[in-house]
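J.: Listed below are the residues making up each chain.
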Amino acid sequence: MEVRNLAKSYGQQPILRNINLIVEQGKTLAVLGRSGCGKTTLLRIVAGLISPDNGKVLLDGKDMEGVPTHLRNAVYMNQEPLLFPHLTVRQNIAFGLKIRSISVQQIQKEVSTMLEQLGLQDHADKWPDQLSGGQRQRVSFGRAIITQPSVLLLDEPFGNLDTDTRQQMQELFLQLTRTYQTTSLLVTHDLKEAILVGNETAYMEEGELYFYDSPAAFLADPRTGGASELAFWKQYMNNNI
Amino acid sequence: MPRKNFHIVLVASVVIAVFPFVWLPLMSFFSDWNYPNILPGVLDVQQWKLFFSGQQDVRHSFLLSLAIATTTATLSTAVGFGLARTVSFGSRRKQGIFWSLLPVTISPVLFATILAFYFNVAGISGTVGGVMIAQLLIAIPFSIIYFTAFWTPRVMHMEQLAATLGSTPYQTFTQVVLPYARPFLLVCFFQTFIISWFEYGLTSVIGAGQVQTLTLKVYLYVQEASPSLAALAATLLILPPALLLWFNRQYVFKPLGV
Numbered sequence: 001m002e003v004r005n006l007a008k009s010y011g012q013q014p015i016l017r018n019i020n021l022i023v024e025q026g027k028t029l030a031v032l033g034r035s036g037c038g039k040t041t042l043l044r045i046v047a048g049l050i051s052p053d054n055g056k057v058l059l060d061g062k063d064m065e066g067v068p069t070h071l072r073n074a075v076y077m078n079q080e081p082l083l084f085p086h087l088t089v090r091q092n093i094a095f096g097l098k099i100r101s102i103s104v105q106q107i108q109k110e111v112s113t114m115l116e117q118l119g120l121q122d123h124a125d126k127w128p129d130q131l132s133g134g135q136r137q138r139v140s141f142g143r144a145i146i147t148q149p150s151v152l153l154l155d156e157p158f159g160n161l162d163t164d165t166r167q168q169m170q171e172l173f174l175q176l177t178r179t180y181q182t183t184s185l186l187v188t189h190d191l192k193e194a195i196l197v198g199n200e201t202a203y204m205e206e207g208e209l210y211f212y213d214s215p216a217a218f219l220a221d222p223r224t225g226g227a228s229e230l231a232f233w234k235q236y237m238n239n240n241i
Numbered sequence: 242m243p244r245k246n247f248h249i250v251l252v253a254s255v256v257i258a259v260f261p262f263v264w265l266p267l268m269s270f271f272s273d274w275n276y277p278n279i280l281p282g283v284l285d286v287q288q289w290k291l292f293f294s295g296q297q298d299v300r301h302s303f304l305l306s307l308a309i310a311t312t313t314a315t316l317s318t319a320v321g322f323g324l325a326r327t328v329s330f331g332s333r334r335k336q337g338i339f340w341s342l343l344p345v346t347i348s349p350v351l352f353a354t355i356l357a358f359y360f361n362v363a364g365i366s367g368t369v370g371g372v373m374i375a376q377l378l379i380a381i382p383f384s385i386i387y388f389t390a391f392w393t394p395r396v397m398h399m400e401q402l403a404a405t406l407g408s409t410p411y412q413t414f415t416q417v418v419l420p421y422a423r424p425f426l427l428v429c430f431f432q433t434f435i436i437s438w439f440e441y442g443l444t445s446v447i448g449a450g451q452v453q454t455l456t457l458k459v460y461l462y463v464q465e466a467s468p469s470l471a472a473l474a475a476t477l478l479i480l481p482p483a484l485l486l487w488f489n490r491q492y493v494f495k496p497l498g499v
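Chains as they are written, first to last, in our numbering: chain A, 1 to 241; chain B, 242 to 499.
Chain A on its own, in the form it takes in the complex (with noise of 0.2 Å):
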């Protein structure tokens, strides 16, 4: 997946400015940012649900100017987990392939394998009013990767999970994309996040990306705030420990 020049802006106020970022097949591009910096109209943008002023989006090396979002192969997912509430656990991950026109034999076997690997055998056939917050954020992932998207893009997708559910859901992201060898652009303002599940991680603010060659030169930025809390910590252990 590749962005070119990327720019928007509502009214006067410039909100993406010359964005440029390549992320490799089976990757993930962690970006961290505040609210308001531009994170989720980057992504909307590469899904297609919004258009921008400049700049091209590639992925699988096509441009993707002029190409509806259902043609795209790009899934985009935020904090909600937006399953359809008329459809089960099973249905909900099947959504996918069968509006692709998928045989039925190999529908079934595809969710069967995915519902496995998200530990949700039991509830397949559940409605989703009948999942915890944790276990619908499973089928949200399996939903969408079952799809294998060119490109997965995710909106601080942990924000509303308690601690402990975010902790395993980032595991069950990596063991699944390492799986589907998918390729993700994933958006948080958690830095813990943003080193535990990107390859690559990058920085936003004001429209503009900055890219580290590590993850120590990501949190030894200031922008960032690692520097900060990693002192925080440190001088709480001397005063306390």
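Calculated directly from the structure, the hints in this document are not laboratory data. From the three backbone atoms N, C-alpha and C, an ideal C-beta is built for every residue, glycine too. There could be a bad hint or two in this list.
What the hints assert, rightly or not - Label-pair distances were calculated between CB atoms; the ranges are:
(1) D60(A) / P410(B): 18 to 26 Å
(2) A390(B) / L196(A): 36 to 44 Å
(3) F293(B) / P85(A): 41 to 49 Å
(4) P410(B) / G119(A): 31 to 39 Å
(5) T415(B) / Q175(A): 28 to 36 Å
(6) F488(B) / P68(A): 49 to 57 Å
(7) Q167(A) / A390(B): 33 to 41 Å
(8) H189(A) / A390(B): 31 to 39 Å
(9) D221(A) / P344(B): 38 to 46 Å
(10) F330(B) / G26(A): 35 to 43 Å
Add chain B to chain A, keeping to what the hints say.
T.: Relative to chain A, chain B alone:
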């Protein structure tokens, strides 16, 4: 309130609510109830026989009302569903809701009088089509207002998610939006059916005496002092809403756990 009084009020309320549903059908089986008799005369099935044999205006009015209400409800539900999406997701949501509310806020008599002028000019006064259009002018705004509560950002996000999963706009509509909206659509159909079914003012002004719906017939029979015919028409009047109420309870609210 003391417990005993509460029970009296409760029983009285139930009796008042249930009374028309018992008394009106019963009345439709009486004929020959003339002044100054306190009680109705003969108990027979004469009116119903005439109704089923089609030798009575009431059957025509019943079928006409059914056709008008079904068409009005279907059209207003479908059109309102679509227009409400445009209003809700458009940049001028407030203006959209304002204009949709306008026909509902104007007095029905005033609204009918204004419409009557234009309908006369268009030559559709006194026609079934004219009555239907007039009723749609009330039912569609109601439907738009109703569905603006359905078209929330959550639904928009679901549509967008389905699109990113590879769903075409048609697939999204048929496989995501419609099944999700099913209970809302049924309730709106029910409500707009009721609006049309019991509509009196607009129908009498625009219908100009040429379009005799069942609601109009009930008033006509009351004015004519034909109690058994009025009771028969009134019984038929409450039949479809009662059936729809049962249907809604069985197939809409029960599955939702309400």
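J.: If a hint holds in the structure, say so; if it does not, say that too.
T.: To see whether the hints hold, each was checked on the structure:
no., hint, verdict
1, D60(A) / P410(B): 18 to 26 Å, "23 Å, holds"
2, A390(B) / L196(A): 36 to 44 Å, "41 Å, holds"
3, F293(B) / P85(A): 41 to 49 Å, "45 Å, holds"
4, P410(B) / G119(A): 31 to 39 Å, "34 Å, holds"
5, T415(B) / Q175(A): 28 to 36 Å, "34 Å, holds"
6, F488(B) / P68(A): 49 to 57 Å, "39 Å, violated"
7, Q167(A) / A390(B): 33 to 41 Å, "38 Å, holds"
8, H189(A) / A390(B): 31 to 39 Å, "32 Å, holds"
9, D221(A) / P344(B): 38 to 46 Å, "60 Å, violated"
10, F330(B) / G26(A): 35 to 43 Å, "36 Å, holds"
Of the numbered hints given earlier, the model fails hints 6, 9; all others are met.
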